[in-house]
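Novice: Residues per chain, in single letters:
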Amino acid sequence: AQSVTQPDIHITVSEGASLELRCNYSYGATPYLFWYVQSPGQGLQLLLKYFSGDTLVQGIKGFEAEFKRSQSSFNLRKPSVHWSDAAEYFCAVGRGSARQLTFGSGTQLTVLP
Amino acid sequence: DSGVTQTPKHLITATGQRVTLRCSPRSGDLSVYWYQQSLDQGLQFLIQYYNGEERAKGNILERFSAQQFPDLHSELNLSSLELGDSALYFCASSVEGHINTGELFFGEGSRLTVL
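Line by line, the protein sequences give chains A and B. The working numbering puts the first residue of the first sequence at 1, with every later residue one more than the last. The working numbering puts the first residue of the second sequence at 114, with every later residue one more than the last.
Just so you know, the hints here were simulated from the structure itself, not pulled from any lab data. Check the hints yourself; a few may be wrong.
[Said to hold, decoys possible] To give an idea of the chain A side of the interface with chain B (calculated C-beta under 10 Å), a few residues:
hint	residue
1	Q38
2	Q42
3	T102
4	G104
5	S105
[Claimed, not checked] Which residues of chain A face chain B? A few of them, derived with a C-beta cut under 8 Å, are:
hint	residue
6	G43
7	L44
8	L46
9	K49
10	W83
11	Q100
12	L101
13	F103
14	G106
The beta-carbon is built from N, C-alpha and C at its ideal position, and this holds for glycine as well.
Turn these sequences into a full structure, and let the hints guide you.
Specialist: And the structure:
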C-alpha cells in the first residue's frame, strides 16, 4: 500500500528565509507526486506535481520540489518565504489513473515577520 | 476559486441523524472525488465517481453512500451519524482522460459537526 510521511508537523520560519518541507513516500511503482496547500477555511490548491521527466519541478507561487527516487523523497522548497505562505502543506502520492490520492499528515507553516 | 462548489458549508446535527452533502464539479470535469479530513485520520479518500458510475472506493463506511447524477453533480449521504463522523468533507473534481493531467480541484469543504 502506498503511504506518505511528512515528518515535520509544524515549521516556523522568518519572512525572507528559505524553506524546505520534507516528504517521504512509499509506493511500489513509479509514483505520481503532488504538493497541495490549504489556507485556513479554504480547500486544497495544487502547488506542483511530478509524473516523470525532470526531477526538479517548478510550481506556482515560487515553489519547487525535487524528486529523489533513491531517497523516496519529494521535498518542497522556496528560496524566500512570504507572510502569505503561512498555511498547511500536504504531500500526496497518486495511484494510476484513478487519481486517488494518499495524503501525508500535513506540515503547518508559520511565518514570522 | 477552484470552480468546485460544495453545500452546505457548515452543518450541525445530532447522533443518529442523516445528512446529505452536495457537490457541483468544475464545468467539464467528469470525475468527482470525496475526501474526509479529520484531526485523527487526516485526509482520507472516500470514493470516486466518473460520469455517473462508481470508479473507486477508499475508506468509506457502510453508513456512507454517494452518487453522481446525470448533470454530474454528486451527493454524499451520511447516515446513523456518530460523534466520530465530525469532520471536514471535501469534494474534488478532475478531467479524467490522459493519465498525465493529474490535478484535482478541491471545493472549500462542508464542515459537519455531530453533537
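Novice: Could you run down the list of hints and mark each one as holding or not?
Specialist: Each hint, compared with the structure:
no. : hint : in the structure
1   : Q38  : holds, 8 Å
2   : Q42  : holds, 6 Å
3   : T102 : holds, 7 Å
4   : G104 : holds, 8 Å
5   : S105 : holds, 5 Å
6   : G43  : holds, 4 Å
7   : L44  : holds, 4 Å
8   : L46  : holds, 5 Å
9   : K49  : holds, 5 Å
10  : W83  : violated, 22 Å
11  : Q100 : holds, 5 Å
12  : L101 : holds, 6 Å
13  : F103 : holds, 4 Å
14  : G106 : holds, 7 Å
Comparing the model with each numbered hint stated earlier shows that hint 10 is the single one that does not hold.
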